[in-house]
Amino acid sequence: DQQVKQNSPSLSVQEGRISILNCDYTNSMFDYFLWYKKYPAEGPTFLISISSIKDKNEDGRFTVFLNKSAKHLSLHIVPSQPGDSAVYFCAKGGSEKLVFGKGTKLTVNP
Amino acid sequence: EPEVTQTPSHQVTQMGQEVILRCVPISNHLYFYWYRQILGQKVEFLVSFYNNEISEKSEIFDDQFSVERPDGSNFTLKIRSTKLEDSAMYFCASSSVFSGANVLTFGAGSRLTVL
Numbered sequence: 057d058q059q060v061k062q063n064s065p066s067l068s069v070q071e072g073r074i075s076i077l078n079c080d081y082t083n084s085m086f087d088y089f090l091w092y093k094k095y096p097a098e099g100p101t102f103l104i105s106i107s108s109i110k111d112k113n114e115d116g117r118f119t120v121f122l123n124k125s126a127k128h129l130s131l132h133i134v135p136s137q138p139g140d141s142a143v144y145f146c147a148k149g150g151s152e153k154l155v156f157g158k159g160t161k162l163t164v165n166p
Numbered sequence: 096e097p098e099v100t101q102t103p104s105h106q107v108t109q110m111g112q113e114v115i116l117r118c119v120p121i122s123n124h125l126y127f128y129w130y131r132q133i134l135g136q137k138v139e140f141l142v143s144f145y146n147n148e149i150s151e152k153s154e155i156f157d158d159q160f161s162v163e164r165p166d167g168s169n170f171t172l173k174i175r176s177t178k179l180e181d182s183a184m185y186f187c188a189s190s191s192v193f194s195g196a197n198v199l200t201f202g203a204g205s206r207l208t209v210l
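From first to last, the protein sequence lines are chains A and B.
Count along the first sequence from 1, then add 56; that gives the number in my numbering.
Count along the second sequence from 1, then add 95; that gives the number in my numbering.
Hints should not be assumed to be uniformly reliable.
Stated by the list, open to error - Below, a list of computed lysine-lysine pairs in the PhoX-like style, where the Cα atoms sit at most 20 Å apart:
1) Lys61/A <-> Lys127/A
2) Lys112/A <-> Lys127/A
3) Lys124/A <-> Lys112/A
4) Lys178/B <-> Lys61/A
5) Lys110/A <-> Lys124/A
6) Lys127/A <-> Lys158/A
7) Lys61/A <-> Lys161/A
8) Lys137/B <-> Lys161/A
9) Lys158/A <-> Lys137/B
To be clear, the hints were calculated from the coordinates, so they are not data collected in a lab.
All figures in this text were calculated on a predicted structure; none of them were measured in a lab.
Isolated chain A (complex conformation):
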């Protein structure tokens, strides 16, 4: 039961441009979605979250958009930097456990 789907396994962008990472979900019963970033040989690191009562949440270069009618959320990174190269996971939260998507590997080229 894939509650959270990240259909793009990888994404490559140029430094300075916008990175858009997408996530779809199947169950409308949620309170929060979270985005985590993971570097090789490290644990996932929390980036940003959004509650179900919002359409947008912004934190510096990172913005998450929520489209409830389409059951879709996206993470925008602008401007993208080489240090942003990592695997990004969206996760359904607001309950005791997080349910992760499969992740999207972002590569930002200098």
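Start from chain A and add chain B according to the hints.
Chain B alone, transformed into the frame defined by chain A:
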């Protein structure tokens, strides 16, 4: 910044052997978790632990797995008789409160290789 620490960083074991993975959660956190990631796959929930007992576990967390908080600071995952398919990266996580987004802080992981 407070962090979750895990030991060992990498363990190699023979099939059928017992393995204990150790974690020191953030000191004022109350909720503890184990997740795992098989190479190339998603991060999967194994178990959550609160108030000295398991609060939720996944189908993966069968009788071969157990968790313990032996001394108020460590949180351990034991695999009694390892199988080849247990080879994965195991992540410990903790959170302070079960409310809002419930942001989990993860450790760097313990890589388990079962031969």
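Hint-by-hint comparison with the structure:
1. Lys61/A <-> Lys127/A: 11 Å, holds
2. Lys112/A <-> Lys127/A: 14 Å, holds
3. Lys124/A <-> Lys112/A: 11 Å, holds
4. Lys178/B <-> Lys61/A: 29 Å, violated
5. Lys110/A <-> Lys124/A: Status holds; Cα separation ~10 Å.
6. Lys127/A <-> Lys158/A: 17 Å, holds
7. Lys61/A <-> Lys161/A: 14 Å, holds
8. Lys137/B <-> Lys161/A: 12 Å, holds
9. Lys158/A <-> Lys137/B: Judged against 20 Å, a Cα distance of about 4 Å means the pair holds.
The earlier numbered hint that this structure contradicts is number 4, and it is the only one.
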